[in-house]
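Student: So the chains spell out like this:
2 protein chains.
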Amino acid sequence: MNPKINFTPGPSQLYFTVRDHTRTAFREGIPSLSHRSQAFEKIFRHTTDGIRELLSLPPGYQLFFTSSATEIWERVIQNLVEEKSFHLVNGSFSKRFFEIAGQLGKKPEKLEASAGEGFEIVGSVPAGTELIAITQNETSTGVSLPLDFIYDLRDKSPDSLIVVDAVSSLPFPDFDYSKLDSVFFSVQKGFGLPAGLGVWMVNDRCLAKAENLSAKGICIGSYHSLPALHGFAVKNQTPETPNVLSIYLLGMVVRDMIRRGISNIRRETEYKAALLYHTLDRHHSLSAFVKNKVHRSRTVVVANTGDQTEVLTRNLIEKGMQPGDGYGTFKKSQLRFANFPTHSKEQFELLVDSLI
Amino acid sequence: MNPKINFTPGPSQLYFTVRDHTRTAFREGIPSLSHRSQAFEKIFRHTTDGIRELLSLPPGYQLFFTSSATEIWERVIQNLVEEKSFHLVNGSFSKRFFEIAGQLGKKPEKLEASAGEGFEIVGSVPAGTELIAITQNETSTGVSLPLDFIYDLRDKSPDSLIVVDAVSSLPFPDFDYSKLDSVFFSVQKGFGLPAGLGVWMVNDRCLAKAENLSAKGICIGSYHSLPALHGFAVKNQTPETPNVLSIYLLGMVVRDMIRRGISNIRRETEYKAALLYHTLDRHHSLSAFVKNKVHRSRTVVVANTGDQTEVLTRNLIEKGMQPGDGYGTFKKSQLRFANFPTHSKEQFELLVDSLI
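Line by line, the protein sequences are chains A and B. In this text, residue positions in the first sequence follow my numbering: the first is 1, and each later residue adds one. In this text, residue positions in the second sequence follow my numbering: the first is 357, and each later residue adds one.
Chain A with its partners taken away, still in its complex shape (with noise of 0.2 Å):
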């Protein structure tokens, strides 16, 4: 049977909220609408202007659609790079977006660190940097950059567009945006939607970047360019036939966030996280994978569980709950939780009240 609570990392549980909201958009019509029709454009504007809001992303910053935030490291790099991105690596997730850009053809370096591990502090940022990726919360790993190390970055090297990956943390993080240039996330997380939509979040350093890289003459893709993205999206338009449905959603799920009050979810978030961390900290046998407590990530918590992991597995799922596997190499030694707006209080205090 399908377990009732779903603490995988990604796809996750949905928001209590989007299996109504999807009843309601079949009964208007809302999955068959054109995408030229003034009704999505409304839409569009409804769910742009509401995550806005929610973040208080400052004026100036665009905010645009794709297919997944895999897709994002790919036109992160497109757009952004003539030739030298510079890579924080301490995950499956941050060393990929490092991979692609070895694949698109540039130059990238990388700073690495080891499993389960952030980034003290940076000594320095390679000459020529053009681009600073960060993975802002490690899904693979639950490592967590705190924002000040992330903001120290820009004082360390200006010049550079500093590009956060957010897909496992927001709208848990309180991101500064004036101290970054982009930052961007995929639905199936913290929003608790259906997969299948990336939210690209971009200043006009951004932009200029881009008509810059073109101007050279260098080729910044076709239809979801930066500037393909801004020339539809200033008339609450994408290039293409897009998710309406998950457009829709999102924005529906946003409003419903707003009326809850984002501080009210990042208070929720910080004591649910407290509470998993304890009881990890207590554990006769289980312990938290992450030692350096500045760097638990709080919205994807990883358990060392070692041998007890099937035997842990079987026993939450009994309970009705459904751990995420460790990932890649810590498969069958480890658990992941997501931590993640519509995990209710509740929930996770059924699930310690399991581990223990």
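If you're looking for bench data, these hints aren't it; they were derived computationally from the structure. Hints may contain errors.
[Said to hold, decoys possible] Below are the DSSO-like pairs computed for lysine-lysine, each with C-alpha atoms no more than 27 Å apart in a straight line:
id, chain 1, residue 1, chain 2, residue 2
1, A, Lys42, B, Lys360
2, A, Lys216, B, Lys466
3, B, Lys572, A, Lys110
4, A, Lys84, B, Lys572
5, A, Lys110, A, Lys235
6, B, Lys535, B, Lys512
7, A, Lys319, A, Lys331
8, B, Lys466, B, Lys440
9, A, Lys291, A, Lys345
10, A, Lys235, B, Lys572
11, B, Lys591, A, Lys95
12, B, Lys440, B, Lys572
13, A, Lys42, B, Lys440
14, A, Lys42, B, Lys591
15, B, Lys466, B, Lys451
16, A, Lys345, A, Lys319
17, A, Lys95, B, Lys512
18, B, Lys360, A, Lys216
19, A, Lys332, B, Lys463
20, A, Lys331, B, Lys398
21, A, Lys291, A, Lys331
22, A, Lys107, B, Lys572
Since we're looking at a predicted model, the values are computed, not measured.
Starting from the structure of chain A, add chain B where the hints point.
Tutor: Just chain B, lined up with the frame of chain A:
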């Protein structure tokens, strides 16, 4: 109010079983399913096997999921063209395909037909053409290219890859896939699903060409290059977190169509198209945009409606029917009518009764 019958050519009316399948999907937790789980692999397999059966795809053909047909235009050019593609352009969408090749730094050539016209015969294919791009059904003009005309290009230029955009015609055309190298569609037209998924079918020649370009050091993209898509597809997976819900729904609709019988669907499509063209041909003031009967699309019928466009539209909407606007410069003087498998004979009878 939202009309009951949607004749817009895409996104169009949902296939009549989609709402029920969506309900089942939510009940079974499909939208939260991990794309690395066995349950997802089963869905992937169910959908791809279903499409193979419905379309009688020969062995050796591979089937990949993208986010849209627009994405497939880009991936086709990236993966299958070193320099020279040759495009048959007879409307806005075939023109866009051509333009994308230029944006990606290739040297495309084109043969153009006037609006509302197809091609009688292609004299010769330019020397060195690596790929011939054919929009089998032009959604903007309602022009369809006969299958024999397309197969004839294979004889004329056996070394060129033949790539067919069948976005707004499949599952209607009964292609002989052995005479083509790649065919693609998106799900929001003939398959009647919410937008947000493209299906790209390719044979071994395409895979070999992409490998060959890559070996030469030409960039073929990253996560959605043909080798990357293929590497995951053999495991019944996708490189990125895909639109899982849509892949599931497509599989369910395809099974519904198999049960109904593809030959029945094709026969009914012919009947409904004949009904509408017959009405237009005998009408005192309306007419079919496409004059040459062999070029008339069965799945997207375009009517010259002149100065009656607005009145006619209002009249149809009052009767619960939503026609599609004319495309581009024909927005105020034409109407388009999708004739997809979800549109019943009774709906078409009601439509033509309302036009007389």
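Student: Hint check: Lys360 of chain B vs Lys216 of chain A, CA-CA at most 27 Å. Holds or violated?
Tutor: Distance of about 51 Å is beyond 27 Å: violated.
Student: Given the hint that Lys84 of chain A pairs with Lys572 of chain B, test it: the Cα-Cα distance must not exceed 27 Å.
Tutor: 22 Å, holds
Student: Lys466 of chain B and Lys451 of chain B were given as a pair; does the straight-line alpha-carbon distance stay at or below 27 Å?
Tutor: 9 Å, holds
Student: With a cut-off of 27 Å on the C-alpha distance, tell me whether Lys95 of chain A and Lys512 of chain B pass.
Tutor: 47 Å, violated
Student: Given the hint that Lys110 of chain A pairs with Lys235 of chain A, test it: the Cα-Cα distance must not exceed 27 Å.
Tutor: 38 Å, violated
Student: Tell me if the straight-line CA distance from Lys332 of chain A to Lys463 of chain B falls inside 27 Å.
Tutor: Violated, at about 51 Å.
Student: For the pair we were handed, Lys107 of chain A and Lys572 of chain B, check the Cα-Cα distance against 27 Å.
Tutor: Since the Cα atoms of Lys107 of chain A and Lys572 of chain B sit roughly 18 Å apart, the hinted pair holds (cutoff 27 Å).
Student: Does the structure keep Lys319 of chain A and Lys331 of chain A at a Cα separation of 27 Å or less?
Tutor: 21 Å, holds
Student: Does Lys535 of chain B pair with Lys512 of chain B here, judged by a C-alpha cut-off of 27 Å?
Tutor: 12 Å, holds
Student: Would you mind confirming whether the straight-line C-alpha gap from Lys291 of chain A to Lys331 of chain A stays at or under 27 Å?
Tutor: 19 Å, holds
Student: Does Lys591 of chain B lie within 27 Å of Lys42 of chain A when you go C-alpha to C-alpha?
Tutor: Cα-Cα ~40 Å, so violated.
Student: If you draw a straight line from the CA of Lys291 of chain A to the CA of Lys345 of chain A, is it 27 Å or shorter?
Tutor: Measuring from Cα to Cα gives roughly 24 Å; hence the hint holds.
Of the numbered hints listed earlier, those contradicted by the structure are 5, 10, 13, 14, 17, 18 and 19.
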